[in-house]
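Trainee: Residues per chain are reported as follows:
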Amino acid sequence: MNQMAEPLVFRFDVDGDNFTSAGQASVQVKKNLRQLGIDPETIRRVSIAMYEGEINMVIHAKGGQADVIVSDGCIEIILADKGPGIANIEQAMQEGFSTAPDNIRSLGFGAGMGLPNMKRYTDEMQIDSVVGEGTTITMKVKY
Amino acid sequence: MNTYIHSVALDPSKCTGCTTCMKHCPTEAIRIRNGCAVIDSERCIDCGECIRNCPNNAKKSICNSFDEIKKYKFKIALPAPALFAQFDNLDNIGYVLQGLLDIGFDDVFEVSKGAELVSSYTRLYLQTEGIKKPVISTACPVVTRLIVLRFPFLKDNLIPLLPPMEVAARLARERALKEHPELKREDIGVCFISPCPAKMSYARNGFGSYKSEVDLVISMSEIYLQLINVMKREKLCEVSSEAGRIGLSWAICGGEGSALFNDKILAADGINNVISVLDQIEDGNIPPIDFVELNACPSGCVGGVLTIENPYVAKNRLHTLRRYMPVSLNKSEDDEGYIPHECFFTDLPNYNPLNRLSDNIGESMRLMSKIQAVRKELPGIDCGSCGAPNCRAFAEDIVMGHADRKDCVIAYKELLKRYLNENSGGDSVDGE
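Protein chains in written order, with this note's numbering: chain A, 118 to 260; chain B, 215 to 646.
Derived by calculation from the structure, the hints in this document are not laboratory data.
Some hints could be false.
[To be verified] With a straight-line Cα cutoff of 30 Å, these simulated DSBU-like cross-link-like pairs (lysine-lysine) come out:
no., chain 1, residue 1, chain 2, residue 2
1, A, 259, B, 449
2, A, 148, B, 449
3, B, 284, A, 148
4, A, 148, B, 620
5, B, 590, A, 259
[To be verified] Some, not all, of what chain B presents toward chain A, calculated at C-beta under 10 Å:
no., residue
6, 227
7, 230
8, 565
[What the hints assert, rightly or not] Cβ-to-Cβ under 7 Å is the rule here; a few derived chain A residues that face chain B:
no., residue
9, 165
10, 201
11, 202
This one's a predicted model, so the numbers in the text were calculated from it and none came from an experiment.
Each residue gets a CB set at the ideal place from its N, CA and C atoms; glycine is no exception.
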């Protein structure tokens with residue numbers, strides 16, 4: 118009998134306005150996926166997408182919640198925040214477009230590659246955003 | 215099957231089971247079982263952190279003893295450049311080289327000389343089109359093992375050249391065979407004088423399919439004790455160093471990088487810093503750089519656990535020592551920077567991930583969700599009393615059948631409290 122395993126959920130609170138801890142969730146996810154025996158290339162894709170998303174949540178939304186759901190053949194990353202929302206998603210997806218404030222750019226972030234990179238490293242990406250309420254990004258990486 | 219031979223070991227008679235080493239182990243390879251530390255050889259990367267931190271000197275490095283050189287007809291010493299930083303008021307490396315001959319070696323081949331060849335090759339390699347950047351140094355054996363175990367995506371970033379120790383070992387043997395045609399290969403003992411246990415593991419295990427050319431690895435502290443007896447300032451120093459500043463500087467963090475005359479380099483030291491740099495490179499979260507030099511020990515090789523001197527004092531000494539030295543004595547112009555072709559590697563050790571729960575992903579997922587459930591019930595204070603470095607590792611040990619939930623002292627205390635509460639009414643019965 119080939120029983121399907123229950124999906125595994127890893128949940129992380131992403132601390133807003135704290136650059137020192139930004140990226141911690143993606144490092145932890147990497148460790149967990151390695152333990153599961155997921156192939157290195159998939160781990161890298163998940164980790165890059167996750168890292169970019171984490172940084173976005175810190176810069177724009179004062180943090181939020183990151184869920185990584187591992188099921189058979191697919192890793193889903195759901196990043197939910199209660200930030201300002203994205204007014205024009207199409208524009209936000211363009212490489213180089215950025216609304217990051219100067220103090221963030223001076224730290225080397227805000228190059229306008231976050232969302233495009235997330236799309237590039239994942240198989241599916243969906244953005245649900247309401248201005249003034251928040252943004253939820255759902256990404257899927259198949260393995 | 216785990217066939218990796220380690221050189222970090224424990225002296226059970228000295229271990230008090232205090233949890234210090236377990237807390238410092240960067241790969242969570244140590245557990246305390248029955249009051250004594252136990253090292254999981256699959257996870258151990260021979261970084262020596264446990265040796266460095268053990269308050270009871272119960273962790274030791276297994277090296278060859280100095281006496282073992284007698285097995286060989288022709289003995290060659292390969293001093294790591296960190297050796298020259300161990301002596302107070304040393305103004306000429308020649309005294310140390312002469313000392314090595316005086317204690318019984320027939321020839322000395324400085325690893326710094328090999329390092330200069332590796333440096334000049336690296337300068338050329340960085341200009342090659344199509345290579346994966348940043349290029350990562352292979353000098354530190356802890357780092358190369360860590361990449362193989364944990365960062366397989368970065369395997370292709372490694373420069374395809376073996377570390378200076380191996381380059382020097384091959385060249386030393388070739389030189390001996392040429393100068394003494396009567397010698398057979400097995401008559402020659404190539405003996406590396408090491409600042410760290412990881413070099414011993416490297417010499418024993420090789421790298422991928424490559425077998426090390428180093429026959430013996432002797433600890434720097436043991437050689438130091440031999441050397442101070444014979445090194446005399448009054449004696450005229452007849453030997454002189456075959457390397458320059460570049461080779462010598464490899465002993466300290468940043469030395470290998472600075473030899474590249476390139477400002478797009480990054481040098482990190484200390485095992486935890488090394489791990490976070492590798493994590494950042496893997497996530498693509500690093501500015502464009504050409505070369506990354508990583509040293510597991512603080513300050514570089516001078517911080518190795520088999521050295522005598524405090525790494526910062528050692529660093530200062532090297533700065534003084536190299537002031538009077540030429541930049542490099544690498545004669546790459548006239549002999550084309552000869553490096554034996556065997557020193558270039560094409561195959562790497564297989565990716566062998568640390569702590570994989572099972573070979574089947576579905577089974578791993580089931581195990582991990584059990585671990586998550588057990589972890590939620592644990593106190594989360596990571597005290598280490600159970601014998602695991604933190605509650606998450608303990609949960610994993612419980613699920614994998616290596617530990618018992620009752621080993622958690624906090625949970626045990628709760629149990630005891632409950633028992634006492636439930637039975638507190640019994641006193642009056644006893645008093646009857």
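Trainee: Enumerate the violated hints, using their earlier numbering and listing them in ascending order.
Mentor: 1, 2, 3, 6, 7, 10 and 11
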